[in-house]
Amino acid sequence: MKQRQFSLKVLEVEIDNENEFIEFFDTHGLLFKNHLISIKGDISDKIKLYLEEMDFKYINNITLPNGKNVKSVDINQNDNKVDKKELEALEEKLKSQAIDCRIKLQEAQAIINELEKKANRELVVVDDMVRSGREITVDGDLLLLNRVNSGATIKTTGNLIITQVVEGAIRCDGSFMMLTVSPKANIIFNGVEVDNSLLQDKLNRIELKDNKIYITPVIKKEINWVQ
Amino acid sequence: MGTVIAVISGKGGVGKTTTTANLGLGIAMNGKKCAIVDFDIGQRNLDMIIGLENRVVYDMVQVMEGECSIPQAIIKSKVNDNLHFLAASQTKDKSVLCSSKVEKLVKELKDSYDVVILDSPAGIESGFEHTIEFADEAIIVVNPEVSSIRDADRAIGILDAKSQKVKQGQEVNKYLIINRINPSMVQSGEMLKSDDILDILNIKLIGKIPEDKSIIDASNQGRPVVLDKKSEAGAAYLRVSKRLCGENVAFVDVESNQASGMLKKLAGIFR
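Note that the protein sequences, when read in sequence, are chains A and B. Using this note's numbering, the first residue of the first sequence is number 1, and each one after it goes up by one. Using this note's numbering, the first residue of the second sequence is number 228, and each one after it goes up by one.
Treat the hints with care, as some may be off.
Restricting the straight-line Cα-Cα distance to at most 25 Å, the calculated cross-link-like pairs of lysine-lysine (BS3-like) are [to be verified]:
#, chain 1, residue 1, chain 2, residue 2
1, B, LYS238, B, LYS389
2, B, LYS238, A, LYS184
3, B, LYS389, A, LYS184
Calculated directly from the structure, the hints in this document are not laboratory data. These figures come from a predicted structure and were not determined experimentally.
All chains should be built: construct the whole structure from the sequences, respecting the hints.
What follows is the structure, encoded as structure tokens:
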């Protein structure tokens with residue numbers, strides 16, 4: 001048989017007003033972090049849920065053996081009895097925790113917003129001749145069904161597909177491009193200038209994988225006959 | 228109610244003014260009442276090319292300012308009664324133009340002529356914008372070289388964005404003239420091919436004008452080259468004018484004009 005002995009601090013509470021109880025624990029809960037909460041009488045689901053959420057260990061309807069009564073906690077008069085310094089330190093701790101929480105919440109919200117934006121982003125389809133001097137800037141994916149003439153600029157934050165010849169400038173920050181390029185074009189993909197000589201004069205796939213840019217010409221597949 | 232045609236190019240020196248003069252005269256020769264208006268304020272040239280340099284009394288700016296009426300300022304051509312000319316001001320600059328005044332002038336001209344041709348200044352500044360603003364159709368003049376084509380491309384883009392007709396939801400008809408084609412250079416691949424130009428600009432071709440030395444002399448003399456029956460460029464301009472008047476004229480391949488070239492060579496031998 002193994003045995004260990006503890007002397008625990010127990011907070012005995014009798015609930016007659018649930019809201020008052022929750023309010024009390026919201027403000028003073030930190031003081032009883034390592035206490036065992038013993039509740040006289042039955043407890044409702046609301047209180048159960050609250051205590052579990054706040055990570056308190058609790059028991060109810062148990063008659064405790066006689067212990068040393070440390071303090072009887074009275075909600076209204078308690079503040080005066082607690083050491084001022086202790087309280088200030090606690091308040092500071094709470095404050096910093098609240099700030100941390102807020103920062104984390106904001107970060108999470110930002111991530112959610114970005115994901116939402118990505119999910120809601122529609123594909124932009126443009127079927128105009130992009131003439132010299134025109135600049136198309138798209139926050140998202142772009143499908144261009146016509147020529148891009150010399151002197152025009154296309155900027156996208158997402159993926160880009162152009163079905164006709166490109167002679168202008170391309171700035172694409174997506175992970176994927178599909179282009180037919182003339183030697184006059186100037187292509188910058190994720191901040192890297194793509195050498196035109198690498199892009200043969202036909203349709204090319206330009207992809208970003210593991211921080212590397214892959215260029216593969218799209219060739220018509222030939223039938224593989226049985227030898 | 229006539230048609231207003233703007234002759235534009237973007238780049239300078241490609242032959243806008245020569246084209247305006249020749250098409251104006253060509254249309255007039257087809258029996259239509261035609262007015263040609265020089266919009267190149269501060270740098271007028273059209274008066275010299277049609278040989279009316281010494282006849283200019285009032286100019287376009289004076290008409291717009293209300294100093295004189297349009298009939299007072301209009302100059303009749305010496306060679307064809309159907310051709311009338313309105314000169315640009317040489318002393319003012321482009322800043323005197325404003326939309327409402329230009330609109331009024333163009334409307335009045337449109338009411339009394341079958342065709343009104345506006346000779347646009349080079350570039351894409353305010354003068355150019357005022358020329359295209361109230362035009363029903365546009366003739367884009369290019370040379371078969373890259374810089375001219377890019378500038379024309381830009382000009383077409385601005386035309387599509389700023390024209391009143393486009394703003395009302397209609398389309399401005401755009402016609403392409405490829406000017407100063409040198410057949411032998413096209414043959415040897417040194418000059419851009421028409422197909423490539425049409426690919427880039429994506430508008431309808433209305434004519435190809437071959438390079439012709441007689442144009443320089445014609446301009447200096449003030450007699451547009453359409454009057455010269457022997458000139459290839461003159462014949463080409465006449466064909467374009469007929470097409471503008473609605474006639475269906477077969478295209479002549481000026482790029483590989485081998486036959487006439489051979490004939491000329493033979494003629495040279497026997498001379």
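How the hints compare with the structure:
Among the hinted pairs, B/LYS238 with B/LYS389 is consistent with the structure: their alpha-carbon atoms are about 18 Å apart, no more than 25 Å. For the suggested pair B/LYS238 and A/LYS184, the alpha carbons sit about 20 Å apart, so the restraint of at most 25 Å is met. Our distance criterion of 25 Å between C-alpha atoms is broken by B/LYS389 and A/LYS184, whose separation comes to about 28 Å.
When held up to the earlier numbered hints, the structure conflicts with hint 3 and nothing else.
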